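S.K.: Residues per chain are reported as follows:
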Amino acid sequence: MSQQIAAQAMWIAIIGTSAIAFALKYLGHSIPERFVTNPRALRINTLIPIALLSALVGVQTITDTGKWIVDQRLAGVAVALIALALKAPYFVVVISAAVTSAILYRFI
Amino acid sequence: MSRVLRTTATQSLSVSFTVGLYGTAFGAAGIAAGFSIVQVCLLSLLTFSGASQFAVVGVIGAGGSAISAITTASLLGIRNGLYGLRMAPILQLRGIKKVIAAQVTIDESTGVAIGQEEHGLDAMKHGFWLTGFGVYIFWNLFTLLGALGAQAMGNPSAWGLDAAVPAAFLGLVWPRLLGRFERALAVSAITLAILLSPLISAGLPIIATTLLAVLFGWKARS
Numbered sequence: 001m002s003q004q005i006a007a008q009a010m011w012i013a014i015i016g017t018s019a020i021a022f023a024l025k026y027l028g029h030s031i032p033e034r035f036v037t038n039p040r041a042l043r044i045n046t047l048i049p050i051a052l053l054s055a056l057v058g059v060q061t062i063t064d065t066g067k068w069i070v071d072q073r074l075a076g077v078a079v080a081l082i083a084l085a086l087k088a089p090y091f092v093v094v095i096s097a098a099v100t101s102a103i104l105y106r107f108i
Numbered sequence: 109m110s111r112v113l114r115t116t117a118t119q120s121l122s123v124s125f126t127v128g129l130y131g132t133a134f135g136a137a138g139i140a141a142g143f144s145i146v147q148v149c150l151l152s153l154l155t156f157s158g159a160s161q162f163a164v165v166g167v168i169g170a171g172g173s174a175i176s177a178i179t180t181a182s183l184l185g186i187r188n189g190l191y192g193l194r195m196a197p198i199l200q201l202r203g204i205k206k207v208i209a210a211q212v213t214i215d216e217s218t219g220v221a222i223g224q225e226e227h228g229l230d231a232m233k234h235g236f237w238l239t240g241f242g243v244y245i246f247w248n249l250f251t252l253l254g255a256l257g258a259q260a261m262g263n264p265s266a267w268g269l270d271a272a273v274p275a276a277f278l279g280l281v282w283p284r285l286l287g288r289f290e291r292a293l294a295v296s297a298i299t300l301a302i303l304l305s306p307l308i309s310a311g312l313p314i315i316a317t318t319l320l321a322v323l324f325g326w327k328a329r330s
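Heads up: the protein sequence lines correspond to chains H and R, in order.
The first sequence begins at 1 in my numbering and counts up by one.
The second sequence begins at 109 in my numbering and counts up by one.
If you are wondering where the hints come from, they were derived from the structure by calculation, not from laboratory data.
Mixed in with the good hints, there may be bad ones.
As the list claims (entries may be wrong) - Quick partial rundown of chain R residues pointing at chain H, CB under 8 Å, derived from the structure:
1) Ala117
2) Gln119
3) Ser122
4) Gly203
5) Val273
6) Gly287
7) Ala321
To be verified - Here are the in silico distance ranges between beta carbons for each label pair:
8) H/Val92 to R/Leu256: 15 to 25 Å
9) R/Ala292 to H/Arg106: 28 to 38 Å
10) R/Gly228 to H/Gln8: 46 to 56 Å
11) R/Leu153 to H/Val70: 33 to 43 Å
12) R/Gly203 to H/Ile103: 26 to 36 Å
13) H/Gln8 to R/Phe289: 19 to 29 Å
On a predicted model such as this, the values are computed, not experimentally measured, just so you know.
The beta-carbon is built from N, C-alpha and C at its ideal position, and this holds for glycine as well.
Turn these sequences into a full structure, and let the hints guide you.
M.R.: In C-alpha cells form, the structure reads like this:
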C-alpha cells in the first residue's frame, strides 16, 4: 500500500467512523425504547464487543500483514494477562506489556 | 434542577479522571499505527468511544482497509445507541441539547447515571452530564498528551512497544469476561480471527467473528 493510499484510508476511516458513531448515538436518543426489546438481539449486542475485541487481541498479537508471526508481542501480551489476573489497573496492564516487548525487542 | 449530590459529583469525577487517563494509551497507539497527532485527536473529539477508536487505529495499522476499520468500529458503537435508548426517557431533551447528549452517550456516562437510580431522577441527570463532560475533557486531554509523548520518541515501532495495542484490547475485553460462556466466546473469536488472517484481507477476520457472537447469543439460555 502506498503512503498516499494509506493516508487516504486513514482520513476516510476517521470521518466515516465518527459520522456513524454519532448517528448510532443520536438514533438511540430518538427512537422509542419499546421498539428494541427482543432479548435475543440485546444478548447478541452484549456479545459483539467480546468477539471483536478478542479477535483484535489475537490478530494484533501473532499476525503481521496476514502472516502468523511469534515475536516479542506474545510475551508482552502474556505479561498483560498476568497483570490482569492480579487485578492490576488498566494503565499498568498496557505499560507492562509495552515494556516487556520493548526489552525483548532490544536484547534478543 | 436540584443541587448536585456530593456522592454523584465524586463518583462522576473519579470515573472521568480514571477513564480519561486511558486516553494516553490511545494517543500513543494511534501514533504507533502511523496516524498524525491531528488525526488521533480528531478521533477522540469526534468519534469519542474508546473501543471504536482503538479498532480504527488497530485495523488500519494492521493494513486493513477503511471499510474494514469503519465496520469494526461501528459494530462496537452499536451499544452506544442502546445507551441512548435507555437515557432518552430520563433526560427528555430536544434540539441542540439532544445533539450534545448523544455525543457524550458512552459506557461511563450511562453507567454512572444508572448507578444514581436510588437517588432519584435529578441525580441520574447530573451523573450523566458530569461524567459525559468529564470523560470528554480528560479523554481528549490525555489523548493529546499520549500522542505528543509517542511522537517525541520518534518512531515508536522502532522501540518494540507494539505489544501495547493488543494489551489495550485485552484490558478492554477482560471486564466483560464474566463467566465460562463469555470466555468460550473470547477464545473462539481469537482462534477464528488468527486462522482466517492468512486467508482473507486484513480487517475481515475481525469482522467475521461477529458471526460467533450471533451464534453464541442465539443458542444461549437467558
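S.K.: Give a verdict on every hint.
M.R.: Hints versus structure:
no.	hint	result
1	Ala117	violated (22 Å)
2	Gln119	violated (17 Å)
3	Ser122	violated (13 Å)
4	Gly203	violated (12 Å)
5	Val273	holds (5 Å)
6	Gly287	violated (11 Å)
7	Ala321	holds (4 Å)
8	H/Val92 to R/Leu256: 15 to 25 Å	holds (22 Å)
9	R/Ala292 to H/Arg106: 28 to 38 Å	holds (37 Å)
10	R/Gly228 to H/Gln8: 46 to 56 Å	holds (50 Å)
11	R/Leu153 to H/Val70: 33 to 43 Å	holds (37 Å)
12	R/Gly203 to H/Ile103: 26 to 36 Å	violated (54 Å)
13	H/Gln8 to R/Phe289: 19 to 29 Å	violated (41 Å)
This entry does not satisfy hints 1, 2, 3, 4, 6, 12, 13, going by the numbered hints stated previously.
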